Each structure stands twice: as C-alpha cells, then as structure tokens.
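First to last, the protein sequences are chains B and F. Position 49 (the first sequence) corresponds to 34 in this note's numbering; numbering is contiguous. Position 137 (the second sequence) corresponds to 122 in this note's numbering; numbering is contiguous.
Source of the hints: derived by calculation from the structure; they are not laboratory data. Because the structure is a prediction, the values reported are computed rather than measured. Careful, some of the hints might be misleading.
No distinction is drawn between identical chains; accordingly, a pair holds when it is met within one copy or between any pair of copies.
[Claimed, not checked] Here are the computed lysine-lysine pairs in the DSSO-like style, where the Cα-Cα straight-line distance is at most 27 Å:
id, residue 1, residue 2
1, Lys306, Lys359
2, Lys101, Lys197
3, Lys43, Lys(-13)
4, Lys101, Lys126
There are 2 protein chains.
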Amino acid sequence: MKAEIMSIGTELLLGEIVDTNAPYLASQLPALGIDVYYLHQVGDNTERLIEVMARAWKRSDLILCTGGLGPTEDDRTRAVIAEMLGEQMTIDPDLEHELRDFFGNRGVNMPENNLKQAMLIPSSAAIPNPRGTAPGWWVEKDGKILAAMPGPPRELHHMWENEVRPRLRQRVKGVILVSRTLKVVGISEGAVDEMAGDFLAASNPTIGVYAKPDGIHVRIAAKAEDEASARRLVEPVERELRQRFGENLWGSDEESMQEHIGQVLSGKGMTLATMESCTGGLFASTITDVPGSSTYFKGGFVTYTNEVKIAYGVDSALIEKHGAISPEVAIAMAKAARLQLDADVGVGITGIAGPSEQEGKPVGTVFIGVGHEKAARGHATRYQMARQDVKVRAVTSALFQLRQLLVQLAAD
Amino acid sequence: MKAEIMSIGTELLLGEIVDTNAPYLASQLPALGIDVYYLHQVGDNTERLIEVMARAWKRSDLILCTGGLGPTEDDRTRAVIAEMLGEQMTIDPDLEHELRDFFGNRGVNMPENNLKQAMLIPSSAAIPNPRGTAPGWWVEKDGKILAAMPGPPRELHHMWENEVRPRLRQRVKGVILVSRTLKVVGISEGAVDEMAGDFLAASNPTIGVYAKPDGIHVRIAAKAEDEASARRLVEPVERELRQRFGENLWGSDEESMQEHIGQVLSGKGMTLATMESCTGGLFASTITDVPGSSTYFKGGFVTYTNEVKIAYGVDSALIEKHGAISPEVAIAMAKAARLQLDADVGVGITGIAGPSEQEGKPVGTVFIGVGHEKAARGHATRYQMARQDVKVRAVTSALFQLRQLLVQLAAD
Chain B
-14 MKAEIMSIGT ELLLGEIVDT NAPYLASQLP ALGIDVYYLH QVGDNTERLI EVMARAWKRS
46 DLILCTGGLG PTEDDRTRAV IAEMLGEQMT IDPDLEHELR DFFGNRGVNM PENNLKQAML
106 IPSSAAIPNP RGTAPGWWVE KDGKILAAMP GPPRELHHMW ENEVRPRLRQ RVKGVILVSR
166 TLKVVGISEG AVDEMAGDFL AASNPTIGVY AKPDGIHVRI AAKAEDEASA RRLVEPVERE
226 LRQRFGENLW GSDEESMQEH IGQVLSGKGM TLATMESCTG GLFASTITDV PGSSTYFKGG
286 FVTYTNEVKI AYGVDSALIE KHGAISPEVA IAMAKAARLQ LDADVGVGIT GIAGPSEQEG
346 KPVGTVFIGV GHEKAARGHA TRYQMARQDV KVRAVTSALF QLRQLLVQLA AD
Chain F
-14 MKAEIMSIGT ELLLGEIVDT NAPYLASQLP ALGIDVYYLH QVGDNTERLI EVMARAWKRS
46 DLILCTGGLG PTEDDRTRAV IAEMLGEQMT IDPDLEHELR DFFGNRGVNM PENNLKQAML
106 IPSSAAIPNP RGTAPGWWVE KDGKILAAMP GPPRELHHMW ENEVRPRLRQ RVKGVILVSR
166 TLKVVGISEG AVDEMAGDFL AASNPTIGVY AKPDGIHVRI AAKAEDEASA RRLVEPVERE
226 LRQRFGENLW GSDEESMQEH IGQVLSGKGM TLATMESCTG GLFASTITDV PGSSTYFKGG
286 FVTYTNEVKI AYGVDSALIE KHGAISPEVA IAMAKAARLQ LDADVGVGIT GIAGPSEQEG
346 KPVGTVFIGV GHEKAARGHA TRYQMARQDV KVRAVTSALF QLRQLLVQLA AD
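Looking at chain B on its own, in the form it has when it is part of the complex:
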C-alpha cells in the first residue's frame, strides 16, 4: 500500500511551526507494511489544497492529512475533500448534538462557526476526537482511503493510536516490518560493526548500525506476512546480539538512559543525589523526567558559585588547589551530594558551558564525577558547541558515567 502525507496550514509555510505530524505518521507506517512516498506541507488555500490532494488521491492508496479541521474560515480540509470527490457536505445531526453538548458542558454557547465540524459527505464517517472539538474524517471510495485528522499533536496522536491505526491494521494486507533497536555504549561504531559482522550481510532481518548522541544503536528489522512471523525472524538475532554486547548493551527501542538508570537504582534499592554547576540543574531534571523517580532520587544542588559548593560540603582547599573546574572537584561534588542528602550514589558535574573561558580552561570543558562509598570515577571531556548543547551533552555523558559505576558496583 502506497501512502502520502499532507500537513495543512499556512503557518507551516511561514516556518513558524516545524511540522512534526508528518514525520510522526511516517514513522508509524512501516510497521503496518505501508510505504510512504511523499510528505507535503500546504497552506490554507483551496485551489492548491485540491491540486495536491487530487494528485495524491490518484497516485496513492492512502492519504493521511492533518490540520484544517477547526471552525474558522481558514479551515478548509473538509470542503477540499468534498470538492475533490464531487460530493455534497451536510450537517450530521448526531455530530451537531455531540458538539453542542461539548460546549454546553463547559457552560458556553456553541459559536455557529463550529457547525462546520459537524459536516460529513456520503463517503466520510466521523472519527471521534475526545481531546478536541474537531472530529476526524475517515473516507473510503474507489478502493482508496483518506484519513483527515486534527493538527494539534495531542489530538492527532490520540486519534491515530486509538482510531486510525487500528482501522488501517484491519485493511492492510501484505508485508509488514517489525524492528528492534538495541542500544550499546562504551564500544565504538566500528567495533559494534565487527561484533555484528556475520549478521550485517543478511537480508531478512537486516541489521543497521547508527551512531547516536546516546551511544550506538543497532536496529534489527524483519519483514514478514504478519507480526508474529516477523518477530520470529528478529528474536534469534536479538538474543545472539544481546549476548555479544554483554554489559555494553543498556537498553532497547524507546528506552532512555535515565529510565534504565532508574530501573537499576530501584532494583537495588539505591538512592541518588546530585551537585551540578555548568549543567545548572538539567541533570536532576533529566533524572526526574522518569515517572517514579521520587523513589530513588533524593534531590540535588545547583552550585553556581564556589561559596555555594563549599557551603554544601566541597573542600575549599581542593577548589583552591585544582580550581572549581577540575576532576578533583567533580568527584568531591559527587561525594558532597551523597553525604549531604544521605544517598547511596552521588553525581557531580562542573565545567564551562560558555560563552567565555574560566580558570584558563576553554569553553566546553566538563568534568564529571560519580561516586559511591565503595567506588568513584571521574571523566573529563570537551565539547565544541553552543552553551545549551554543552549542557545537554554533559548530562548524557554523566548518565553514562553513572551507568558505568552501577555496572562496576554490580560486578564487585
């Protein structure tokens, strides 16, 4: 099945908004065995919308479009579909009723403009949208399918997952793709390539090796008639690769390093505390992005001055001797954090995010310390990038160091 995705809205053409809807939908289609050939962003202009949509209707089997379902003059998706198919729009009494209820429940009279959202054509059925006022349209005609969904991502995602994807899954026959991504850290892309060696030449499943900010990703992708058969192709390769990568493998698919660390910490009943300088709290914030992190994260300090570092347990002589931006102080910050907050593991980060050098050390210099009563480790690095990117990379690097410490503690 060939698909084409259209994102509708003049704001997309002004570059005011980056279209994340089309990539989101595109990323979902391979698993359904649907190929995507074109993504488009088109403005709220009837003529151009009809032109692009009519071409898509002719050459593709499936059109997914987002946006233009609102109540205003600019929202033209329904009218464009109706005109393209030569069908008449009428108000659906049930939809009108639901819509009036929606406003009524909020104690508001429905603006008459919103009546547009109760329109249907003979080939369309409404797709429920519990997160907004605009129902989607599911259109089937001449063996083709068109799904029109709302533009706001939280409405779109909900409608896609709960309504459109399940319906497509029933309709699509053919080859589907199942993939599993293994995430590896501490070995180079070249070394991973060698370790995966014999599998790299295979055609089903195929193996892809990618260098990413959080390490190396190894993607195993299999095609088959159905999901179960595709999984059966992936599994033995996954098992073998997991064994080869050993402790360098830390996660899979959408799992993040902070989630992985959270699982290890809660599995061992251990707690964490932090002391950050150049990352300004971003490490703690990343740790607390994980639901349930309050069970293992005790808290942290953002110590943006030497006085504050000293006040919370870093030895002033150490700062005097090595400078605040030094591996020694990073390790001392990690220790101070865990002692202050009575935590098992501490993380300390000190460095220069920019824009100017400090203590004669260049912008982008970052020292990371991670420590436990029984072991500590330091890491030095330098990032040649903008201030906010330095922060992000330093946080990723600190997550790795913390993960390595946890591996080491488990081995001891």
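Using the hints, position chain F against chain B.
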C-alpha cells in the same frame, strides 16, 4: 516571486528525522519578499524526485532544495536536476582540484565516489561549502532559479546565509516584509486585541495577535520596497503599542523570558536562588541557559523529598499542616532558598508532575512561590498534560511570577 522548497532523503519519509530545513528556509523568505506555496519531503528515488522537481520548476520561480548532494549512490540531486533540464553533467576541473585538496589536507585519499561532488551542468555554478565536501548548485535558466544546498543543517545554514540569501536579495525585486513581535504578559488575548484596536484594521503594517505558551505575541508586519521604508512603517506603531502595553510588555522578537529576567536582575544587582520539587531542576537549568547567568544566579536546591526540604530550611510544621504540595510550602521554599544561599530573590516550586496523585491532589497541580525580603507572591495552577509538559509549563509560569515580583519591587 513564488518559491517551493524540497527536502530530499528517504530518512525523512521513514520519520527518523524531522525536517527542520524546510521550515528554516521558509521562515527566511518573507523578509526577502518571496512567497512560499509548497514544502515537500521526497525520498532518494530518481523518478519521484524528477516528477516533483519538474512540477516545481514549471509552476514556481524559485526552487530551494536540500539534501542528496553527498558522494553515495543514494545522493541523486545533481543527476535529477540535470535530467530535468536536459543537460549533461561533466566534472569541473577546479572543483575536482578543491575536493582533492580537502581530502589531501586531512591526509586521506579521496574516495572516487566523491568525484560526483565536482560535477556541474552548463546552467549550474558551484556554491562554496566551507563546512563540508558537497558544494551547492546555483542554477539559472529561463528566468527561473534553483538552489541546491546540503542537508546537514550547519552546512545548509552557512551556505544560505553567506551565499544563497545574498544572491537572492540582489535578484528579487519587489516588496519585502519587515516584522517586529512584541511580547506581553498579564493581560488576556481579548484585552490585547482591544488595546491594539485601531491598528488591527490597518493593512500596512498589519497587526497579528497570537496566544503563545509564554504569553501574548503581537506581530507588527510592514511591506515596502526596501528594508528602511518597511522599518519606517513599523516604528511609530511599535512606539505607540509599547506605550499602551506598559509594564505588561516584557520583550520583543527572539528574546526569552529568562533573558529578560536576567537583564532585570543584573540591572538591579540582585541575586536569585531556587528550591524546586516537581520541576526537578528544570527551572534552574532554564535560568542558566542564559550566558552570564552566573553573575545573578547563586544556585538552587532540588528537594525531591520532604526530609530534604526540611533539611534546607522549610518548616516541618508547615508541611504537616498544609502538605508539601501547597501554596504555603511553595512560598516557604522560596524563602528557604534565598536565606540558605544569601540571595535577594527566591523561587519555590512544588507540585505533582504525575503520573499519580499525591496528598489527594490531582496530577498537574503546581504551586509557585516567589519572594524577596519586602514582598512575596504565590500562584496556584493545574495543568492537564503529560509529566514533562507539566514541568515545562510550571517553569514558564514560575518565570512569569518572578517577573511580576520584579515589576512590583521596582514600583514599590
């Protein structure tokens, strides 16, 4: 002049990468007086690339495309342009020389594949790319222009700014657009609309009012033959609106709330300290995204447990009486932060990012306290969104509260 933008690469169709190049270029064109009608993402497929490009060439005056200029088999942009225009590609000796030098300087033999990057057609000229191996193509024929630029954003941005934009500026005759966005907080969209009343009906400059996560944006946009004339249309309206919005206006254009706050704090020689619970350090991290924040930001606490809140100055009786998630504790956290770190202003944030309710309070409940020796204020809110979004919105809200406190202190 009508433009159309194409982003080329199969990875865009798999949703592995979000295309930021097309929105970047689109956002640059209004200032040049160029209208954008279509953005497309197309895979590395010769047939489909020619189809889309030929249609664009026919209906638009300018095509900007990115990607597909690399050395591999998948990189087809040059060949597609040549085929569309019916011209023959040949190796340009100067380009070949430069390319061999590029590799030679790195002590590497040039892979023969890279010779593709030295190809030209009669209608194309090379556009220098100091950030990579792939020169761009500047094509002029039959009164139309096509610029093919590399896909990696840092190469693209450099080539656009230094080569393509200046050339277009010379070529484009006609009307250009200059805009200024004023950022307002503390008054509703409707009230801003009323205050801008008489200007809203004007056609040059036009006024647009937009509700955004960081308040209301008022965009003044003027069209004229040249930049100076357009600026002369914007200025009197800007001056008048600045006066009307008074202290509710906090910034303009790309300025962020954290930069604005940084300017106010350093202007007054005041310092800041924070104590965060549900935002987990994201507020401190946002404050420290601003270069130079070390002059006014002393540091902060991430107090993820009640014990840690109490250890650093929050009264345990207050927590017992009102719960840790309460306006009283938020204000106490702000006070504890500034007293602990000897800062002038403190910010406290407590709430429930999710996924489960606490103290019988629903997910998304957030209390913010901001305080100074002479004044304090609290703010309660509830966000119905995902954990990480709650954190982001709570940080924005805390920035507003801090800004309001600073306004109040200045007025006292």
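For each hint, the structure was consulted:
no.	hint	in the structure
1	Lys306 / Lys359	within (25 Å within a copy, 40 Å between copies)
2	Lys101 / Lys197	between (45 Å within a copy, 25 Å between copies)
3	Lys43 / Lys(-13)	both (11 Å within a copy, 26 Å between copies)
4	Lys101 / Lys126	within (22 Å within a copy, 46 Å between copies)
Violated hints for the displayed structure: none, as all numbered hints are satisfied.
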